[in-house]
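> Given next are the chains, with one letter for each unit.
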Amino acid sequence: MPTTNPLAALFKRSPFKAMQEHMRCAVECARLVDPLFEALIAGNQVEVEAIKEKIYEAEDRADRIKNKLRINLPRSLFMPVDRRDLLEVLQMQDSIADTAQDIAGLLVERPMEVPESMKAPLRLLTARCIDACEQSAKVIEELDELLEMGFRGREATQVEAMVEELGQIEDEADELELQLTRILFQLEDEINPVSVMMWYRLIEWTGDLADYSKKVGNRLRLLIAR
Amino acid sequence: METLAEHGTILIILAVVFGLYMTWGIGANDVANAMGTSVGSGAITVKQAIIIAAIFEFAGAFLAGGHVTKTIRKGIIDPSSIVDAPEILVFGMLAALLAAAVWLMVASHKGWPVSTTHSIVGAVVGFAVAGIGVDAVNWGKIGQIVASWAVSPLLGGTIAFMLMISIRRLILNTDDPFQNAKKWGPVYVFMVGFIISLVTIFKGLKHLNIELSAGMSFVVAAIIGLGIAAAGWVLINKVKMDPEADRDFHFASVEKVFTPMMIFTACAMAFAHGSNDVANGIGPMAAVVSIVQSGGMVAQQSALPIWILVLGGIGIVVGLATMGYKVMQTIGTQITELTPSRGFCATLAAAATVVMASRTGLPVSTTHIAVGAVIGVGLARGIGAIDLRVIGGIVVSWVVTLPVGAFLSMLFFFMLKGIFG
Numbered sequence: 013m014p015t016t017n018p019l020a021a022l023f024k025r026s027p028f029k030a031m032q033e034h035m036r037c038a039v040e041c042a043r044l045v046d047p048l049f050e051a052l053i054a055g056n057q058v059e060v061e062a063i064k065e066k067i068y069e070a071e072d073r074a075d076r077i078k079n080k081l082r083i084n085l086p087r088s089l090f091m092p093v094d095r096r097d098l099l100e101v102l103q104m105q106d107s108i109a110d111t112a113q114d115i116a117g118l119l120v121e122r123p124m125e126v127p128e129s130m131k132a133p134l135r136l137l138t139a140r141c142i143d144a145c146e147q148s149a150k151v152i153e154e155l156d157e158l159l160e161m162g163f164r165g166r167e168a169t170q171v172e173a174m175v176e177e178l179g180q181i182e183d184e185a186d187e188l189e190l191q192l193t194r195i196l197f198q199l200e201d202e203i204n205p206v207s208v209m210m211w212y213r214l215i216e217w218t219g220d221l222a223d224y225s226k227k228v229g230n231r232l233r234l235l236i237a238r
Numbered sequence: 019m020e021t022l023a024e025h026g027t028i029l030i031i032l033a034v035v036f037g038l039y040m041t042w043g044i045g046a047n048d049v050a051n052a053m054g055t056s057v058g059s060g061a062i063t064v065k066q067a068i069i070i071a072a073i074f075e076f077a078g079a080f081l082a083g084g085h086v087t088k089t090i091r092k093g094i095i096d097p098s099s100i101v102d103a104p105e106i107l108v109f110g111m112l113a114a115l116l117a118a119a120v121w122l123m124v125a126s127h128k129g130w131p132v133s134t135t136h137s138i139v140g141a142v143v144g145f146a147v148a149g150i151g152v153d154a155v156n157w158g159k160i161g162q163i164v165a166s167w168a169v170s171p172l173l174g175g176t177i178a179f180m181l182m183i184s185i186r187r188l189i190l191n192t193d194d195p196f197q198n199a200k201k202w203g204p205v206y207v208f209m210v211g212f213i214i215s216l217v218t219i220f221k222g223l224k225h226l227n228i229e230l231s232a233g234m235s236f237v238v239a240a241i242i243g244l245g246i247a248a249a250g251w252v253l254i255n256k257v258k259m260d261p262e263a264d265r266d267f268h269f270a271s272v273e274k275v276f277t278p279m280m281i282f283t284a285c286a287m288a289f290a291h292g293s294n295d296v297a298n299g300i301g302p303m304a305a306v307v308s309i310v311q312s313g314g315m316v317a318q319q320s321a322l323p324i325w326i327l328v329l330g331g332i333g334i335v336v337g338l339a340t341m342g343y344k345v346m347q348t349i350g351t352q353i354t355e356l357t358p359s360r361g362f363c364a365t366l367a368a369a370a371t372v373v374m375a376s377r378t379g380l381p382v383s384t385t386h387i388a389v390g391a392v393i394g395v396g397l398a399r400g401i402g403a404i405d406l407r408v409i410g411g412i413v414v415s416w417v418v419t420l421p422v423g424a425f426l427s428m429l430f431f432f433m434l435k436g437i438f439g
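Chains as they are written, first to last, in our numbering: chain S, 13 to 238; chain X, 19 to 439.
Everything labelled a hint here was simulated from the structure, so no lab data went into it. Any given hint could be a false lead.
Derived DSS-like pairs: lysine-lysine, alpha-carbon spacing no greater than 25 Å straight-line [said to hold, decoys possible]: (1) S/K24 with X/K92; (2) X/K201 with X/K92; (3) X/K128 with S/K24; (4) X/K274 with S/K24.
Some chain S residues judged to face chain X by a derived CB distance under 7 Å, without partners named [stated by the list, open to error]: (5) P18; (6) L19; (7) A20; (8) F23; (9) Q32; (10) S88; (11) M91; (12) R95; (13) D97; (14) P123; (15) F163; (16) P205; (17) V208; (18) M209; (19) Y212; (20) W217.
In this text, a Cβ means the ideal position worked out from N, Cα and C, and glycines have one as well.
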């Protein structure tokens, strides 16, 4: 029997499951940034490369899910949320994975040393940024519940509160990023200028993990409000 | 007149064969659509769906199928101008049956989503225009029928939308959705039994010599509803909270409450389908039998013989058992995105709409109404992704099926006339 049965043809695969799968991959990438910096601090370049491979692999999985999801979202699809909003959430999720990939790529291409005074603040910043990613993933895991409730009511309020918390985590990450930047500023004369440049870039990218996480939450807010 | 006397038996046999073939086709294709939402949401297995369909399709045809049969048999055509040539009507009805059956066979082979209802209506009109004349068609009635094809999916969608909203208000968006689901579940099950039986009973059982007053109809429907609700209550109470599943998806247990509830909507849907679509096969068959047996009375005063209803029921069940089984399995695996709560809303809305149409004597498409109901749930932001291109396909199938059915029917009409006339 061909699948042109009108009732069967009516149902397309829900995009929300794929969104969650994609987010899980993105968070996997972000989580690996912590052991990555630990390996860097320990000066273990072999380990850095091993973790980079893992990040690249997870990012690749995320990319494949993303592409498949985009292909399967034709305009003729009727969804409970706006198609463009959904694609933007996806884009933000994907940026988390991409950012983790950029960090790993840089550390492999240009091995760096971590100045003693930067070690502790770097760990703090990384941890908080990963917290933000975890929180945004938690928000995305609520998509099935949101769908069950028609993106309204208690579930929507609860997600709203989670996004609020995500915002706070990101604020804290911002503050930590600023502190680390100040320390780097004081060290500018002591380290190689190119390394300084690279560090500014690394700090910014790490902060971006939290930044994109917050954007995932904010886009999701728009998605709910429609 | 002589034609009928001479070939009476063979004409009746032909009518029975064509009619059986048509109902077999309905059982093989249409029933799967009617049961698809129930199987797809995982509420019942394919095997259970077949048992339910066999019983309730038959019950629907028997208890509530007379009105639509009457429309197909004598509502579309005004035979007053051919009282002297009753064989024309006999050939015509045979031709219409054959045309609809052939077209359905071709279409389902090609995978085109055509409706049995549209095929048979197009075919009956086609032969009437060719064999009797344009004036012989009761265009007013056709207008009503065509309007109902557009209105009924909209109505199904609206009811489904409202059901979905009410389930959210009363059950999902509360402190304890699971307890509320258990509390309100039997009420919804009551509605299934009450609506279906009220529409059926209310001035609708004359063919069984049962005539109830309006008040009594309400009382009887309420009693039936309560009985069904009690059965639902027993099943719903067996549902236990599943904390393991709830951790992953908070509403997993709530959805489980809807699973036994869907057994009832599945029955209702099979009943509704039987009450409407069986007529597509047995309406023309009944017309032929009645004219031949009465010795050429085109007015068809006689009531629908019960054996014809039984035959229609048998055809459907055989169709189900031989091919419908597979179609149901295919559809079931394709619409797993429908959760039990959504499936419940869509199926109840569709069943109620179809039964109402049956009661009014309007031949409608169960499949299109089911599609409308699912879209209604989707409009309530209840389904992940719906492909609206299906609507386009349905409209195209309308536009194509009516003329093709009519044309084939004309062709077969002249063939039969040539052979027997």
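> All the hints need checking, so say for each whether the structure fits it.
Verification of the hints:
Distance hint between S/K24 and X/K92 is unfulfilled; the C-alpha atoms sit about 42 Å from each other, more than 25 Å. Between the alpha carbons of X/K201 and X/K92 the distance comes to roughly 47 Å, so the proposed pair goes past 25 Å and is violated. Between X/K128 and S/K24 the CA atoms are separated by roughly 22 Å; this keeps the pair inside 25 Å, and the hint holds. A hinted pair counts as satisfied when its Cα atoms are at most 25 Å apart, and X/K274 with S/K24 qualifies at roughly 23 Å.
Checking S/P18 against chain X by beta carbon gives a least distance of about 4 Å; that is within 7 Å, so the hint holds. Taken as an interface hint, S/L19 checks out: its beta carbon lies about 5 Å from the nearest beta carbon of chain X, inside 7 Å. Proximity of S/A20 to chain X holds as hinted, the smallest CB-CB distance being about 4 Å (cut-off 7 Å). Proximity of S/F23 to chain X holds as hinted, the smallest CB-CB distance being about 5 Å (cut-off 7 Å).
Interface restraint check: S/Q32 against chain X, minimum CB-CB distance 11 Å, threshold 7 Å, status violated. For S/S88, the shortest C-beta to C-beta distance to chain X is roughly 5 Å, which falls under 7 Å, so the interface hint holds. Of the supplied interface hints, the one on S/M91 holds, with its beta-carbon coming within about 5 Å of a beta-carbon of chain X, less than 7 Å. At about 10 Å, the closest approach between the beta carbon of S/R95 and any beta carbon in chain X exceeds 7 Å, and the interface hint on this residue is violated.
With a cut of 7 Å, the hint placing S/D97 at the interface with chain X is violated, because the nearest CB-to-CB distance is about 13 Å. Given hint, S/P123 at the interface with chain X, is violated; its Cβ is 42 Å from that chain's nearest Cβ, farther than 7 Å. Given the 7 Å rule on beta carbons, the hint for S/F163 holds: about 5 Å separates it from the nearest Cβ of chain X. The closest approach between the C-beta of S/P205 and any C-beta of chain X is roughly 51 Å, which is over the 7 Å cut-off, so the hint fails.
A least Cβ separation of about 47 Å between S/V208 and chain X goes past the 7 Å threshold, and the interface hint is therefore violated. About 45 Å separates the beta-carbon of S/M209 from the nearest beta-carbon of chain X, more than 7 Å, and the hint is not met. Taking 7 Å as the C-beta cut-off, the interface hint given for S/Y212 is violated, the closest approach to chain X being about 42 Å. Checking S/W217 against chain X: minimum C-beta separation of about 33 Å lies over 7 Å; hint violated.
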